[in-house]
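S.K.: Add chain B to chain A, keeping to what the hints say.
Protein chains in written order, with my numbering: chain A, 68 to 341; chain B, 28 to 278.
These aren't lab readings, by the way, just hints derived from the structure by calculation. Incorrect hints may appear among the rest.
[Stated by the list, open to error] Derived lysine-lysine pairs resembling BS3-like cross-links, with alpha carbons at most 25 Å apart: (1) B/LYS249 x A/LYS246; (2) B/LYS249 x A/LYS249; (3) A/LYS246 x B/LYS116; (4) B/LYS129 x B/LYS79; (5) B/LYS129 x B/LYS116; (6) A/LYS249 x B/LYS115; (7) B/LYS154 x A/LYS226; (8) B/LYS161 x B/LYS129; (9) A/LYS246 x B/LYS129.
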Amino acid sequence: MSTVVSTGSSPWRRALYATYPPLLVAVGVVGLWYAISEFALTEGQSFLLPPPHEVIASGFFDSGHLAELMEGLLATTIVTVIGLAISATIGMTVAILMAQFRWVESTVFPYAIIVQATPIIAIVPLIGVWMGFSFSARVLVVVIISIFPIITNTLFGLKSVEQNQSNLFDLHNAGGLTKLRKLTLPAATPAIFTGFRIAAGLGVVGAIVGEFFFKGGEEKGIGRLISRYQNLLQTKLLIAAIIISSILGVVLFLGVGALGNRFTAAWQDEDRRT
Amino acid sequence: MSPGTAALSFNDVGMIFPDGTEALRGVTFDVARGEFVTVVGPSGCGKSTLLKIASNLIANTSGDVEVDRDSLGYTFQDATLLPWRTVKKNVELLLELHGVSKAERTTRAQEEIDLVGLAGFENHYPKRLSGGMKMRVSLARSLALKPKVFMFDEPFGALDEITRERLNTELLDLFTAEGFAGLFITHSIQEAVFMSTRVLVMSARPGRIVSEFDIPFEYPRKDELRYTAEFAELAGQISEELRAHSESVPL
Numbered sequence: 068m069s070t071v072v073s074t075g076s077s078p079w080r081r082a083l084y085a086t087y088p089p090l091l092v093a094v095g096v097v098g099l100w101y102a103i104s105e106f107a108l109t110e111g112q113s114f115l116l117p118p119p120h121e122v123i124a125s126g127f128f129d130s131g132h133l134a135e136l137m138e139g140l141l142a143t144t145i146v147t148v149i150g151l152a153i154s155a156t157i158g159m160t161v162a163i164l165m166a167q168f169r170w171v172e173s174t175v176f177p178y179a180i181i182v183q184a185t186p187i188i189a190i191v192p193l194i195g196v197w198m199g200f201s202f203s204a205r206v207l208v209v210v211i212i213s214i215f216p217i218i219t220n221t222l223f224g225l226k227s228v229e230q231n232q233s234n235l236f237d238l239h240n241a242g243g244l245t246k247l248r249k250l251t252l253p254a255a256t257p258a259i260f261t262g263f264r265i266a267a268g269l270g271v272v273g274a275i276v277g278e279f280f281f282k283g284g285e286e287k288g289i290g291r292l293i294s295r296y297q298n299l300l301q302t303k304l305l306i307a308a309i310i311i312s313s314i315l316g317v318v319l320f321l322g323v324g325a326l327g328n329r330f331t332a333a334w335q336d337e338d339r340r341t
Numbered sequence: 028m029s030p031g032t033a034a035l036s037f038n039d040v041g042m043i044f045p046d047g048t049e050a051l052r053g054v055t056f057d058v059a060r061g062e063f064v065t066v067v068g069p070s071g072c073g074k075s076t077l078l079k080i081a082s083n084l085i086a087n088t089s090g091d092v093e094v095d096r097d098s099l100g101y102t103f104q105d106a107t108l109l110p111w112r113t114v115k116k117n118v119e120l121l122l123e124l125h126g127v128s129k130a131e132r133t134t135r136a137q138e139e140i141d142l143v144g145l146a147g148f149e150n151h152y153p154k155r156l157s158g159g160m161k162m163r164v165s166l167a168r169s170l171a172l173k174p175k176v177f178m179f180d181e182p183f184g185a186l187d188e189i190t191r192e193r194l195n196t197e198l199l200d201l202f203t204a205e206g207f208a209g210l211f212i213t214h215s216i217q218e219a220v221f222m223s224t225r226v227l228v229m230s231a232r233p234g235r236i237v238s239e240f241d242i243p244f245e246y247p248r249k250d251e252l253r254y255t256a257e258f259a260e261l262a263g264q265i266s267e268e269l270r271a272h273s274e275s276v277p278l
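Just chain A, same shape as in the assembly:
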């Protein structure tokens, strides 16, 4: 723990110390952005990096553009959340089976690694060929990109049970399911949420990549908007879309983190929390 944090006496003061440095960085970045837009770029080049206020005016204060972006945000959020839910369900189930049966682990794990190691961009076109540019195709991209951290973190958590805790259950003839419910799953909860948080960020990437490629259908997501703004060289809207997608990623990451804290904050050691 840093000395800065320990000198903060009140919670307010600590919160200030926690937000102050990142805020300074934000101010610096915006300043640099203005400097480049205003001084480094000529009139003709200004479309490359329009200044922040123009991005905000065009993206968030023009009602037509704002509606388009919000519609995109909603579509992308739905794809991401449904994909993550499926990914969490399948990923945890696979990890539980792996922890219970060694042969499942040795059979499945190599393929999980291969799926993880293959760039998602390389798989997406094939998914498009098989499933068309459908909603489920986009969801599948989210599942593929986000399932690996869920499997590995859950598995790590399930295996982190202390030997004597396991002995205690064996001493009293606890069955496999009882042990899973009362020992291994609760013990794995912090690790499971670590997996969910990583997956949440990746899920947004997957949704946008899917939308970017599968833009033939009815789909209205941010990925499709990004692709269109790119083609039309609408840099202001392109940057606005990037900001929206990064906000979505951050909100999901924080949301999953807060959910995890609800389950574990009461009992977990502060210094062990991630």
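M.R.: Coordinates of chain B only, in the frame set by chain A:
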């Protein structure tokens, strides 16, 4: 002692691990209800293996062990609490595993929590407890089952001396109140003499029982007992015996 009264009996028990290590050889002894037997021995002599065999966590390779495993108390070297359960929920755990109803769990858990002096801490999580308090929760958890046989695998080894001596006294109070058959493992001779009705000295690997000391002091035992001449005399004899058998026997 006649075999019928033994709550726990080891008969010529041997243990050879799959890697060829001989941990125990020809171990024979009984523990009756109302007896508190402590095994002392050099580290790595197979003391803990003895308890694991008695509690069926591992299977011995020769000899017989008889023990009533239905109501077995067992404390490990650490408290082994589940960190996501409150004190009350931790004490209820074994009752849950044995299918005791919720209402009865609550009553019995509260009794044991009161007994180990943790009233008021029912809803605390283990992270907020000191090492000694965690051990008390661990004891209460086993006591809730009303064990006939209670095994202790160096339970107080990680605690500071003052806490350890206090818990020694408290555990003896529980022992005299509940009358279980106690089998205690420690490497502290002081602790062994203070606690036990009988002390067994184990040799270095392969572990054998090389001598047996009856400890004549009446219960309840007071802290002052530790500073009496008789106590020192017995501790000295056990220490000497232990030193004589601490060298590993070539296999």
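S.K.: Does each hint fit the structure? Answer for all of them.
M.R.: Tested hints:
For the suggested pair B/LYS249 and A/LYS246, the alpha carbons sit about 42 Å apart, so the restraint of at most 25 Å is broken. Of the pairs offered as hints, the one joining B/LYS249 and A/LYS249 is violated, with about 40 Å between alpha carbons and a cut-off of 25 Å exceeded. This hinted pair checks out: A/LYS246 and B/LYS116 have alpha carbons roughly 16 Å apart, not beyond 25 Å. Proximity of B/LYS129 to B/LYS79 is assessed by CA-CA distance (about 30 Å); at most 25 Å being required, the pair is judged violated.
The suggested pairing of B/LYS129 with B/LYS116 holds, with an alpha-carbon distance near 11 Å, which does not exceed 25 Å. Under the criterion of a C-alpha separation no larger than 25 Å, the hint pairing A/LYS249 with B/LYS115 is consistent with the structure, at around 15 Å. Restraint check for B/LYS154 and A/LYS226: satisfied, since their Cα atoms lie roughly 21 Å apart, inside the 25 Å limit. With a CA separation close to 23 Å, the supplied pair B/LYS161 and B/LYS129 stays within the 25 Å bound.
The hinted pair formed by A/LYS246 and B/LYS129 meets the criterion: a straight-line CA distance of about 19 Å does not exceed 25 Å.
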